[in-house]
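Visitor: Residue-level listing of the chains:
Protein chains: 4
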Amino acid sequence: MERDAIRVTVWNEFRHEKVDEAVRKIYPDGMHEVIAAQLRAQKDLQVRTATLDEHEHGLTENALAETDVLTWWGHMAHEEVRDEIVDRIQARVLEGMGLIVLHSGHVSKIFQRMMGTTCYLRWREAAEKERVWVVKPSHPIAAGIGPYIELPNQEMYGEHFDIPDPDDLIFVSWFEGGEVFRSGCAWARGLGRIFYFSPGHETYPIYHNPDVLTVITNAVRWAGAAANTAVLPFQAAETEPLEKLSPKSLQ
Amino acid sequence: MERDAIRVTVWNEFRHEKVDEAVRKIYPDGMHEVIAAQLRAQKDLQVRTATLDEHEHGLTENALAETDVLTWWGHMAHEEVRDEIVDRIQARVLEGMGLIVLHSGHVSKIFQRMMGTTCYLRWREAAEKERVWVVKPSHPIAAGIGPYIELPNQEMYGEHFDIPDPDDLIFVSWFEGGEVFRSGCAWARGLGRIFYFSPGHETYPIYHNPDVLTVITNAVRWAGAAANTAVLPFQAAETEPLEKLSPKSLQ
Amino acid sequence: MERDAIRVTVWNEFRHEKVDEAVRKIYPDGMHEVIAAQLRAQKDLQVRTATLDEHEHGLTENALAETDVLTWWGHMAHEEVRDEIVDRIQARVLEGMGLIVLHSGHVSKIFQRMMGTTCYLRWREAAEKERVWVVKPSHPIAAGIGPYIELPNQEMYGEHFDIPDPDDLIFVSWFEGGEVFRSGCAWARGLGRIFYFSPGHETYPIYHNPDVLTVITNAVRWAGAAANTAVLPFQAAETEPLEKLSPKSLQ
Amino acid sequence: MERDAIRVTVWNEFRHEKVDEAVRKIYPDGMHEVIAAQLRAQKDLQVRTATLDEHEHGLTENALAETDVLTWWGHMAHEEVRDEIVDRIQARVLEGMGLIVLHSGHVSKIFQRMMGTTCYLRWREAAEKERVWVVKPSHPIAAGIGPYIELPNQEMYGEHFDIPDPDDLIFVSWFEGGEVFRSGCAWARGLGRIFYFSPGHETYPIYHNPDVLTVITNAVRWAGAAANTAVLPFQAAETEPLEKLSPKSLQ
Chain A
0 MERDAIRVTV
10 WNEFRHEKVD
20 EAVRKIYPDG
30 MHEVIAAQLR
40 AQKDLQVRTA
50 TLDEHEHGLT
60 ENALAETDVL
70 TWWGHMAHEE
80 VRDEIVDRIQ
90 ARVLEGMGLI
100 VLHSGHVSKI
110 FQRMMGTTCY
120 LRWREAAEKE
130 RVWVVKPSHP
140 IAAGIGPYIE
150 LPNQEMYGEH
160 FDIPDPDDLI
170 FVSWFEGGEV
180 FRSGCAWARG
190 LGRIFYFSPG
200 HETYPIYHNP
210 DVLTVITNAV
220 RWAGAAANTA
230 VLPFQAAETE
240 PLEKLSPKSL
250 Q
Chain B
0 MERDAIRVTV
10 WNEFRHEKVD
20 EAVRKIYPDG
30 MHEVIAAQLR
40 AQKDLQVRTA
50 TLDEHEHGLT
60 ENALAETDVL
70 TWWGHMAHEE
80 VRDEIVDRIQ
90 ARVLEGMGLI
100 VLHSGHVSKI
110 FQRMMGTTCY
120 LRWREAAEKE
130 RVWVVKPSHP
140 IAAGIGPYIE
150 LPNQEMYGEH
160 FDIPDPDDLI
170 FVSWFEGGEV
180 FRSGCAWARG
190 LGRIFYFSPG
200 HETYPIYHNP
210 DVLTVITNAV
220 RWAGAAANTA
230 VLPFQAAETE
240 PLEKLSPKSL
250 Q
Chain C
0 MERDAIRVTV
10 WNEFRHEKVD
20 EAVRKIYPDG
30 MHEVIAAQLR
40 AQKDLQVRTA
50 TLDEHEHGLT
60 ENALAETDVL
70 TWWGHMAHEE
80 VRDEIVDRIQ
90 ARVLEGMGLI
100 VLHSGHVSKI
110 FQRMMGTTCY
120 LRWREAAEKE
130 RVWVVKPSHP
140 IAAGIGPYIE
150 LPNQEMYGEH
160 FDIPDPDDLI
170 FVSWFEGGEV
180 FRSGCAWARG
190 LGRIFYFSPG
200 HETYPIYHNP
210 DVLTVITNAV
220 RWAGAAANTA
230 VLPFQAAETE
240 PLEKLSPKSL
250 Q
Chain D
0 MERDAIRVTV
10 WNEFRHEKVD
20 EAVRKIYPDG
30 MHEVIAAQLR
40 AQKDLQVRTA
50 TLDEHEHGLT
60 ENALAETDVL
70 TWWGHMAHEE
80 VRDEIVDRIQ
90 ARVLEGMGLI
100 VLHSGHVSKI
110 FQRMMGTTCY
120 LRWREAAEKE
130 RVWVVKPSHP
140 IAAGIGPYIE
150 LPNQEMYGEH
160 FDIPDPDDLI
170 FVSWFEGGEV
180 FRSGCAWARG
190 LGRIFYFSPG
200 HETYPIYHNP
210 DVLTVITNAV
220 RWAGAAANTA
230 VLPFQAAETE
240 PLEKLSPKSL
250 Q
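Residue numbers (numbering that gives the first Met the number 0), protein chains in the order written: chain A, 0 to 250; chain B, 0 to 250; chain C, 0 to 250; chain D, 0 to 250.
Worth flagging that the hints you see were computed from the coordinates, not collected in a lab. Incorrect hints may have been included.
No distinction is drawn between identical chains; accordingly, a pair holds when it is met within one copy or between any pair of copies.
The calculated EDC-like cross-link candidates involving lysine to aspartate or glutamate, where the alpha carbons are at most 20 Å apart (straight line), are [what the hints assert, rightly or not]:
1) Lys243 <-> Glu124
2) Lys17 <-> Asp86
3) Lys128 <-> Glu237
4) Lys243 <-> Glu79
5) Lys108 <-> Asp3
6) Lys128 <-> Glu242
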């Protein structure tokens, strides 16, 4: 059980914080720094950050090779993420890197790529109340969370949410305006684990909410737990028989 | 229950049959014609075929718009399938078209696109025995099939198979050489339904096997059943609240 | 496709209607008669009813043997259902009979038996609004239903709902009082298919709602589709090897 | 992450070892002692054993209250397990205790109770080869295991295996005699986690195999991870609205 620390890269588009005063007030150093601060407080996690405008979006081959779990927040600049970086992230997820996709990352290139669907949803920005209910309390991502998390002001994300059925549906949200949403969903893809968590609109202080931070921390540990597997990265492999085959007659 | 016929397009790469005498002996008119003949014998199905070398691979906008279920067999020319046609097929699946992917279609562009994974697997061509076991007998795709289907000579496809967990795992195969394989897997994606079925190597008369044909026929009906839904194709939709929102104070 | 009609038994506890004037006003002949009338209007269904106070609750060996799908509504008299009848229903489900459990049937003996969990939930009777959202629109049980069904007055059933993860989660409900609920859930058990649908409190005219009736009709067809399988009922079976075993040395 | 040790109770029927010389040679102190020795070597686990012939089968209220994960091996005396003890175990699983069911425990009262199905399967005792393939390599229960585990002599357990679809299918076995089997299956039930693992016939030294012991150790940690949840044990709970309800008109 003395395992190495889980190496986390907290990725943020980091644009709203530069152009929108209201967002900067909530996240003066960018929302990645608030998320990273929470994770840095955990002894078993080793944390770095990366943002869109860095060289190769801060996600070089080396950087990803040394990342066990990548968290992703993007919104206004999804299209600026370069396709070859998306290819690289996908390959690393399939090799075992965890991927935590937050809020508006639902239509990021990487999430759509991993899902195979549009990931479209209904939405509305009206500062309304969201209540995030636990529906799979046995899941470690829900550890320490009560029956629900209440967020007084949130952007509404509603069904139908065009995703593959999750392997585990952990949270379902209620919205004041009348909608529901599958707000916490987990999947395995290749050797990697993916978790989508919808709370997080940039104009409300969602990532200052302790329960939201607990869920993200739990998710990082859950996704990082998959990075130890002994199975090699996938390849289409021609393989010798393990048993003696009978003589054939195919004439 | 008086519904319109399910409109099926049987797609085949149709190359092996032109260049390989052994394959032509088994499928003189192409394997699509053998599959189509089986489906044409069903009163509730309306069947056409399409192949790679036709205009737009036989999959024009119109052709796809009039297809409820598309079956797919490809192998040596996956790379020749044009990306814009793959985009088009993906969009139609998400709108509700069924997709039945056969055998070596596991690494077709469209299947990898829908899955988000490599879909790689172990393989071996040694004419060995495969026994396809039913593991979800309540599923309509298994209707009429006994405990297993035995195929005396097959290409081996073995685990690990790099796919998302299926919504329904219906068949698991045993191979003489010592491997197992999740050989019949069903998923929903968007409004569409996808079924992968691994039997079908071109050098063995797999698509002349009555049980294999029954499974394909069942799968077409199962996937076609989803094409009637009243929900519109997906769009990212900003939406008015259904309930009256409380006054907010976000200053 | 010319299959025999699906034989449905609509089961009702039929007690509230006898003792509660408000319920009798909504369902003068019992709610089973309203559900049965809907199903009798379908050409492919053959319908009978059964109630708690009949001999063997109307569920004799013969009656169940001739039932492809059983719908179940109970509430105030769950404990009066005899255990040997519950055993009999369970055995028939495992043999392939469909089971549609409605509303307060969530704590019926048969549903708890099939699930292995308490099936407990939060509840409140306050005539509040429920909005039943479609979350798996590709599923045939959702056919013909729009984005949601709105029920102006319903008993609240809320999470956490102590059930096994459904094979398919088709509906999730929003409640005016702030809760969400997995209101339409499908499972396979043995050769049979089970669907739970929560709308249906006896003091509101829920089973007069056309969308609710459509869902029940769809569910009966979906569950009835499993009744044709060729696999025999289960038995623990010692079995001869299908392949020649190698000589062993276990000394 | 400084969490308390996971408290494990290794339960064994402990009858074969007393009456069958061949079994005693392999497991002189009972197979529970071999499993317990492996688990005792882990710093994060605290281990005790219990057997059928102890008072209350060694599973008193107190003993279970202090158990985070229970492992179960039984075969010849399933019927002697008292029903009130089965009730007690079920209640503890739903409260969050993990349950690891081994081999012939597939028809134990507690496993059938949790599953709701017969759990029947095909079987044959012929000392044949089993190869346990990993099909979900991202799952922590597969950590440290290569593509497969090979067991030279095993009892055959084959499909169809009458269980609910697992939440996670982790292992699928190949048998020399021609069958396949879903040999490693995980479910959540209530707040608890259940893992079934089929290797383990008493007349072969299966629990001396290092890979088999690794899987059991992984499974104990995985199931124990669920025991920390903050959600209270389930109860059917009438509950006040979280939102103000609108005035109703139900006249």
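Visitor: Quick check: which numbered hints come out false for this structure?
Guide: Structure breaks hints 2, 4, 5.
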